[in-house]
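Order-wise, the sequence lines are chains A and B.
Residue 1 is where the first sequence starts when you use the working numbering, and the numbers rise one by one after that.
Residue 1001 is where the second sequence starts when you use the working numbering, and the numbers rise one by one after that.
Hints were generated in silico from the structure; no laboratory data involved.
By construction, the Cβ of each residue, glycine as well, lies at the ideal position given by its N, Cα and C atoms.
Do not rely on the hints blindly, as some may be mistaken.
Straight-line distance between alpha carbons at most 30 Å, and here's what the computed BS3-like set of lysine-lysine pairs gives [said to hold, decoys possible]:
1. B:Lys1316 with A:Lys81
2. A:Lys81 with B:Lys1323
3. A:Lys327 with A:Lys391
4. A:Lys55 with A:Lys74
5. A:Lys81 with B:Lys1209
6. A:Lys16 with B:Lys1209
7. A:Lys74 with B:Lys1347
8. B:Lys1347 with A:Lys104
9. A:Lys137 with B:Lys1316
10. B:Lys1347 with B:Lys1362
11. B:Lys1034 with B:Lys1005
12. A:Lys399 with A:Lys332
13. B:Lys1347 with A:Lys55
14. B:Lys1358 with A:Lys74
15. A:Lys74 with B:Lys1357
16. A:Lys81 with B:Lys1344
17. A:Lys457 with A:Lys423
18. A:Lys332 with A:Lys391
19. B:Lys1270 with B:Lys1415
20. B:Lys1227 with B:Lys1237
21. B:Lys1209 with A:Lys74
22. A:Lys127 with B:Lys1316
23. B:Lys1344 with A:Lys74
24. A:Lys368 with A:Lys396
25. B:Lys1344 with A:Lys104
26. B:Lys1347 with A:Lys81
27. A:Lys55 with B:Lys1209
Examples of chain A residues toward chain B, derived with CB under 8 Å [what the hints assert, rightly or not]:
28. Pro47
29. Phe84
30. Asn91
31. Ile265
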Amino acid sequence: MKVKIGLESHIQLNTKSKIFCGCANPVNMKEEPEPNTVACDTCLGLPGTKPRANKAVVEMALKVALALNCRMAKETYFSRKTYFYPDMNKNFQITQYEIPIAEKGSMESAGKKIGIRRVHMEEDPAKLVHIGGLGGKHVLVDYNRAGIPLIEIVTEPDFTSPEEARLYLQKLESILEYLGVYDSASSAVMKSDANISLEGGMRIEVKNITGTKDIERALKFEIMRQGNLIKRGMEVKRETRMWNPDLGATQSMRGKEEEAEYGYIFESDLTMLEISTGMVSAAKKSLPELPDQRFRRFVKQYELPEKVAESVISELDLAELFEQIAKRVSPKLAGTWISGYLKKTLNWHNLRFRESGLRKEWVISLLKMFESGRITDRNAEMVIRYMVEEKRPPEKIIKKHSLGKAALDLDAVVKKVLEKNKKAAEDYRKGEKKALHFLVGQCMKETRGQADANEIKKSILRLLK
Amino acid sequence: MDYRKLEARLRTLDRKYSFFVTIARPQRLRDKGKLSRFLVSVKDCICVEGLQSAAGSRILEGYIPPFQSTVVASVLGEGATIIGKTNQDEFGFGTFSVNSGYGIPKNPHDPGRSCGGSSGGAAGLTAALPDDILHIALGQSTGGSISCPASFCGVVGLTPTYGLVSRYGLIDYANSLDKIGPIAKTVKDAALVLSVIAGFDPRDSTSIKREPEDYTKGLDRGVKGLKIGVPKEYLGKGVDPRVAKSVWSGIKKLESLGAEYQEISLPSTKHALSAYYIIACAEASTNLAKFCGMRYGASEPVRDSFNEYFSRVRTKYFGEEAKRRILLGTYARMAGYRDQYYLKAMKVRTMVIQEFKKAFKKFDVLAAPTMPITAPRFSEIEKMSPIHQYTMDILTVAPNLAGIPTLSVPCGRAKGMPVGLHLMGDHLQEEKILRTGKSLEAGK
Ligand SMILES: [Zn+2]
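Turn these sequences into a full structure, and let the hints steer you where they fit.
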């Protein structure tokens, strides 16, 4: 069955301060602040306060729009979107409506061109904390989140599978990280709403899909649900549904007849924003190398296979790590290892390189050992795993877990030593404990300290049985 | 001056006239600054830190702002003493100050009549205080709320250019129209206060960036050679002939002082009223959304879902006119009506501005009656339909839509009640209307 999917993603930007007041932006804080400690009179929407637009948000939005090949507005406005909800400080949200900052862009994702309908700026509402779950008796409001700057990126309904949607979101996330406007390792959140329609059914909106991991699951569920309805000859009615990640299912929020009516008007507390050619060219100049450009460069400059290059560039951290490592070891080796074992391990722990505690020097020295044949492929992979778990340099890990090449042939070394020192072996058998120390010492000499004394001891005891 | 004695005097006055919503606690009067000898009353919709600021509405009862509005900080910085919050139509919704949640201010010239609105308490108090007390009121206008009560109470009301005075700390009626300005006994006092409160404020994005100006300086320059336009639409049908007569005598007086006048036509005026009410109500209906009993002001016991709770609080504490304007404004911005009402009104507004701009190429100031009538009796107001009441704003809404400065100056009486002459100037040409007003005042 033919499927059409469009996405609307809301991303919390990492500006220093909030979008309409002077409060610090909580997404940059190492620890989540106590509720309502990063909130001022404006965040609370107190009567008499006025919003003032943070220029940095406009600059970030421009960068995003440029990276998504959008057409910039010459003049843009903020509008009021009015609806009543306890997380809204003013019962209207300051957003953009008629003339968003940018429109009509596109992104190349998995060999397909995805249309970008619009990019606009808005404020995040406060956060509701449901005491005792959604069915609880009351709800607490945390205004720390009120006024965190968001950009909303809306695609055309160009995706034909959940996988395409996921690949797009992953690429979008990587672009935003390259631009330095969003950090997935911080508390900043990317949330998407999806519009899905199957041939023969109406358009369904699914809200509240967080990050890049749940998108495929949510869409697959929804396609299956709609497909079953159609198969049974039932009508897929237009409605808004909510993704519940705990249940792994979507739930109905409201039908078409209850569709919200926002009554947009201009936000006249804020003036028209002129997007001058100067601003656009300044934003252009400040654009860093983006994932696509870096991919092409890595393939050309380092002769990385395309698959490896694509994997390495997908995360800013890894791409930068690669470039530093490639100066010290063979780029191909660096690329294969980063895109392979390292990425696998980090993903397993759900960590970004910069959060993992790993140091680039550790990775370099491990790869050097591998390059010079001092450690096997299998053991090197284990070293990476232990490094992430124990946060120690590879030398220490190798020693502790006896992962050096010597360990592989430890028994052979011990055999050789026992042959050479038959007398000492005999002495030990007779009960002379000192002889064991001597034999261990001889083995250590033979392995030039690569092997662990305890492992040698175990091997001697085993062979002397 | 002893503040305790003064406070007692204010309370006596308030018992009779209901000028105040809140009277300030006793305080020490100060002796430094341009306004050190002045008492300043503040319209209830302008936040005063630590003093209930309810915009005349029951739904904001108990709201005590934890911050200071820029205008109040400015007058305090010049040594003024804040004496309290003056009564008004709830959120500015009215022409006669009968829509207040805190009693109805009465006209000191005849307590059976209205002070005008919505800054009724401000103008009434200004007129009622004896000349030995220096007093200035901070008022606020969206569509005529400074000029109208100034005219009805026989005092001076100055509505500055939109953006000249910071709105930071103003409880919004319609953000694209709201202006804070002084109501005073004399043009000179109004000019003095404007010099103190005008100026760029980074906390209000619509505030105009420009150098401070002393508006008291050119006041005595006179009107010799000044070109005055008299829009004929403003003196036609619907204007009480006795009011028109007073206004004409004021214009003739200016002519005798060396000004030239000429009749002109401002045809957009007839569309201005509907455009004004659509824009003002559309903005107001969003501004009033935040009042729901959740964070400040009136609240009720919680016993149902948030939707029911919000509705219960809003039903109980908003006045009838507030509800009417929320409905009107919400309707005008809904999908399906938005284009034909809200967006069309925005276009009319541009037309009105262009028409004024064209007129000011030829004229220095425009002169007209401030209100088509003198202060009506409360019994007469009761008989007026809401639409009839709205039409009373016909002469003030166009300049307010255009954001140009206006000055209402007393120009005689009709049937024993004061009449106001409305002087309108081009954007930021406050100096011209103040100078003209001063000449008229001197010629009294
Ligand atoms: Zn804040």
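- Message: To test your reading of the hints: which numbers does this structure violate?
- Response: none
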